[in-house]
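Engineer: Given only the sequences and the hints, what does the whole structure look like? Please build it.
Residue numbers for the sequence shown follow the working numbering, beginning at 2 and rising by one.
Simulated from the structure, these hints should not be mistaken for lab results.
One or more of the hints may lead you astray.
Unchecked claim - With a cut-off of at most 20 Å between alpha-carbon atoms, the simulated SDA-like pairs for lysine to any residue come out as follows:
1. K141 / G232
2. K109 / W37
3. K109 / L163
4. K205 / I261
Claimed, not checked - Derived DEER-like restraints, expressed as beta-carbon distance ranges:
5. S239 / T18: 24 to 30 Å
6. S117 / F40: 14 to 20 Å
7. R236 / S9: 15 to 21 Å
8. V32 / I206: 20 to 26 Å
9. A21 / S117: 28 to 34 Å
10. M110 / S62: 47 to 53 Å
11. S9 / M110: 40 to 46 Å
Backbone N, C-alpha and C fix where the C-beta goes; we use that ideal spot for every residue, glycine too.
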Amino acid sequence: GPYNYVPSRDVSIAFVTLFAISTLAHIVQAVRFRMWWLFPTAVFCGVSELVGWSARLYSSSHPRALVPFEVQISATITGPTPLIAANFVILEYIIKALGPRYSRLSPKMYTILFCSSDAISLTIQGVGGALAAMAAGNGKNPTTGGNVILIGIIMQMVAITLFVIFSSEFLLRYAYDQPLKPPADDLERHQSIAYKLGMDPRIKISLYAMGFNTTCLFIRAVYRTVELIDGWNGRIISTQLYFNVLDGGMVVLAIFTLNIFHPGFLILPIRHRFYSLDATPWCGKA
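Structural biologist: Now the structure itself:
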């Protein structure tokens, strides 16, 4: 069959169940906290993964069927990309709470730059996934589509790396109280005073969760990169365990981390204390 193995029925059922639970929880949380940007990020990811793993579940009984194989290619390739964008938005919140004067970029610029990069990466991966799926469906070599996907994933890895670099610089400057500019208004002067009281524990938890989430998604991106370089008939893409653990497993950990350590629980209370995001188009009033 096109997989070079028969997808495990039990594993597919487990992932379908997990992604269904997480996606439903994200919908409820997004509505509860009016954080509408979670729909094009976390919810989009959950729905895509749900579609992809449902296709693999069907393939467990019909391993030679091409349509579910094509569906799972596109869905599992593109699904995790929007989830990364959620971290970019959360970092914007954290920077506004701790003090933009420690940041090299403005808080809004993080969202604009990195989410734009994420959208471009998603588009490239989607096009590559469609090309690969059509080639596989027509009995042709899907390498061209795979190479397009590879470009999108490498772009995603570069964006994650730059995100980590910029956010790390911000946190180091905050930790050692080395701002790039003096307080610009009453809000920043208030944050300067609050600095002496130490970082709010909820922000610390958010940062640890964001770091873990980002690490999981980066591991998944590295796996996908190596998989595609190895080729469509290579040992890596033909080994189901690798896919289950390094793709499905990493995305499950990342998406549930956002459920459990949700910005609605951890960030919104601080937002009300220090600043207002009512003008932010992706976030409604809590």
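Engineer: Of the numbered hints stated previously, which ones are contradicted by the structure, given in increasing order?
Structural biologist: none
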